[in-house]
Amino acid sequence: MSGGPIEDDRTLVERVADRPGPALPWLGAGLVLLALEFGRFLGWALSLGAGLRFAFDGIVAIPGWVGGNVADTAGSLAGFLAQDLTALVVLFVVASVLVRLAPWRIVDRLELGWSRKREAYAERLAVTAVLAAVASALAFTPAGSILRFELEVAAWLLESVAASIPTLTSPETIPNQGHRTPGGGWEGTFLGLSPAVAWAIRTAVVFAYALACLVWAWSGYDRYRRHYRQADWTPRDDTVRRLRNHYWGLFGLTIVIGFVVLALWAPAISPVPAEANIYQPYEHEFEYLGEDGEVASITHGAANINTRSDGQHTVAPLSYDQYDRFAPLGTTPRGQDLLTNLAFGARTSLIIGLTAIGLGAFIAVVLSLLTAYYKGVADVLTVVASDTIISIPAFLLVMLISVIFSEGNHPLADPLDGGLLLALVFAFVFWPGMWRAIRGPSLQVAEQEWVDAAKSYGQRPTTTMRKHMSPYIAGYIMIYASLLLGSVIIFTAALTFLGLGISPPTPEWGRLIDQGQPYIATSSWHVATISGLMIVLVVTAFNALGDALRDAIDPEADVGEGEETGGATTGGGV
Amino acid sequence: MGPESTADREGSPIVEVRNLQTAFFTEKETIRAVDGISFDVVPGRTVGIVGESGSGKTVTARSLMGLVGRPGRVLRGSSIRFRHLETVREYASRFPGRTADLTDPSVEPADLLDRIDATPETFGYDDPRDVPVAEVVAAGYADGLGLADGDDCVFVTEGEPGEPETITDGFVEISRLDGEPQRLIRGGRIAMVFQDPLTSLNPVYTVGNQIVEALRLHRGLRGAEATREAARLLEDVGIPDAGRRVEEYPHQFSGGMRQRAVIAMALACQPEVLICDEPTTALDVTIQAQILELLAEIQERRDLAIVFITHDMGVIANVSDRVNVVYAGEIVESAGVEALFAEPKHPYTRGLLRSIPGRQTGDRLETIEGNVPTPNEPATYCRFAPRCPEAFEACESVHPQAVSVGDGDDHAAACLLYPEELSRTAAVDHHRERTHGGDG
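Chains A and B, in that order, give the protein sequences.
Residue 214 in my numbering sits at position 213 of the first sequence, with consecutive numbering throughout.
Residue 58 in my numbering sits at position 55 of the second sequence, with consecutive numbering throughout.
Hints listed in this document are in silico derivations from the structure and should not be mistaken for laboratory results.
Just to be clear, a hint being listed does not mean it is correct.
Derived Cβ-Cβ restraints for the label pairs, each shown as a range [said to hold, decoys possible]:
1. Glu448(A) <-> Ser56(B): 54 to 64 Å
2. Phe344(B) <-> Ala232(A): 46 to 56 Å
3. Ser392(A) <-> Ser358(B): 37 to 47 Å
4. Gln445(A) <-> Ser257(B): 42 to 52 Å
5. Pro392(B) <-> Thr235(A): 56 to 66 Å
6. Thr284(B) <-> Gln445(A): 42 to 52 Å
7. Glu448(A) <-> Tyr384(B): 28 to 38 Å
Sample of chain A residues lacking proximity to chain B, with all beta carbon distances greater than 12 Å (derived) [said to hold, decoys possible]:
8. Leu34
9. Ile63
10. Asp85
11. Ser146
12. Ala155
13. Arg437
14. Gly441
15. Gln449
16. Val452
17. Ala455
18. Tyr458
19. Gln460
20. Ala475
21. Pro506
22. Trp526
23. Asn544
Not close to chain B: a few residues of chain A, all C-beta gaps over 12 Å, as computed [to be verified]:
24. Leu47
25. Arg237
26. Tyr375
27. Met470
28. Thr507
None of the values given here were measured: they were computed from a predicted structure.
Virtual Cβ for every residue (Gly too), placed ideally from N, Cα, C.
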């Protein structure tokens, strides 16, 4: 591969600026893709902001909560003290994080001549003081409520912008909800087509768009590799090559991508809006052509009662209900649209899975690095903690914790009707397993000579762990995390099946199976069957992907090297 | 058991190792991997440490770098002093809380002796007031003196610690370092070249990247400037086309090139002392010669002090100025390189020299029967006795001390056969007396 001039110490941006040929079309295509779905991206950003705000509010609530608890037992004065102390501790933690993130250090400019440790603590304390001043100003003066109001206005503005910008895949651009006209055509649908066709077009556009994004990302990597990367070859190339030849893994990857697209574009793929059909069914009306030939209007809730698939009546897959609504996968026993439930249920599963695995993996990685580097007491404590958690049956533990929190009406049990709580519980229950899985590799890499070499030229322990140890366990944790993601989905579904995990109205696949299970032998067989098959497919796909990642990352498991040589031609495996 | 001599030094030593003891505490046993080793490292000179596998060479090197990890640790009473004026001044100004002033007249030797549970007799004095403070510290009781506010690790023997420019003599006690002061010494003052260049370079980063990492830490270089400096360093160690090579990964280098890169990395921060732990063992003979030549050249250019560790008597003859032969954690013979090869005194050294393969065919190569024992408790006998062809009864019960052998006093051996001029019983008594008379 031609790699530009040989002695090249320019940055990537400079290299692109020098030879923009291959990069420009790619950037242009990226802009087009962004513009097509800008409203949706803005919407995602806003939901992310809402999540952050929830986290922020939770942290802000900690001092009050601690203070209240102390006040209950030790009197109100102690309560105030505890509240203030907790607030200061929280601010100190925030200050430490901020100081770490800041690119420059204040103390370096002051040149106090103190020891490093003292300087660092002085700096953190100073930032804490500043934060405390700002926080009390916000809490005790009108400034706080003004700021909050401003932020809400800004968020509302952004939301309305997001709603008003035409988005390629939104149900407004390609509407599929309409009603028959007495003349035999359709009113209100995309180009007057039937709702089934309009829905099919929209879904096709969604997947085409997602595919275009993937192609765009791959071409970006390819262009970078061919035109801008300095090294002819990096170990990543081999990983990609091995992954490309791993058909079982590619199958898994395809399904996983489909699952993610289903979750991300759930509003576009759903034939009816979830808000109207599932969350607030009696507050949204729609029009249909009545039996008397008049166009009437009815709420979703009232219509749903007559469109149940409960063995006696059935709205089968790929059919219309009596209200001119197209149900690609039929309806649920509650009369809601099954695909809408599946799509938003995928969203629930994905959020829970990613949060749980992300948090659990983070805990596992940090602990494994610390225990492998320092060994000794840290190691023993972690072993004891993880063994304690593992010794309790996982399912029982999850049930126990989630019941305690949801019965206690803890604020954590609110988001997603218990979904966030479930994710946190999974993180708590699953980190010991992940930690064990990467403990061996971590200990191994801690003994490598290059770790000693890093120490020998004076590298800091945290940097040594991050730079010289973590890349070696990244692969292992990725494999294990992708395998566990499947288990999290099954666990969530199983809990909801038992009526414990996520309560309605938040859609969840386990609940669909639970609802459909009594009618499996009737004409409404589709509810439990389709949901069950989806779970099987997605979990299998995650396992396949994990398998493929393991083979791709491990340089010694070189599968599919060139053309498969067949079992008999070679003696020992590579 | 201080070194018999420091007569070979022209310059004064930059590192003084005194009574270094490193032990590993496992559940089953305590392994005294290094058990009382003392030697000096002089700028511009190479001191060799040679011995069989398991004799404690590598642990010595790692102790110097502070790389002995759990369950091992450097024992109390060991002393590794870094005598480098610039460093002492820098440390005195940066870590005043850890700087001890040995010139302070209010420090009473009697107090110090109390603190370390020692008697004046340990130092060969009757009256505690006669014992010089510096000597207490120098005898290897560097820890726990409590002369500074924190853990004392910087000792000033001449000058005013409050005003670093006035300091004219002092040392940093490496064996007591941790945290920031240790990181500054590591790499910045003392660097290490490891045995296997394949494993001491991280395979996921380019060679340049790893050199840049060290440059950033100690010299604050960043970005393109750091990359250029890395390329210059690679060129310095004889890597052709260095500009391209900095962007390559360790696996794209040949073994010899890799070791050159490791040396470049060690030199990146302009250290005063280079510790080479079997740097040529993983290489073939011609590459080995090139690397040795490179080291010699760098040493001359930078006036570098080198500690060279190997099991190869041939290599040691080539590179060192002074050789310490270690056996089971102890130095059994220490001499200038010519003297050692011309007149090896200790039976173990002789055995080692006889077991170098020659070019003659036919003769069976001589070996030393048996293996290096694992020392579990303090020695009360000669650890080599079970394998020694010249062992006699007293070897089982008397621990030999280093005594001067040969003409000058720079040749010492720890063997009951010496001093040669005494009769055998007189020599044994001499050793026994010195063993019980304390460590001085």
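What hint numbers does the structure not satisfy?
Numbers 1, 3, 4, 6, 15, 16, 17, 18, 19, 20, 25, 26, 27, in rising order.
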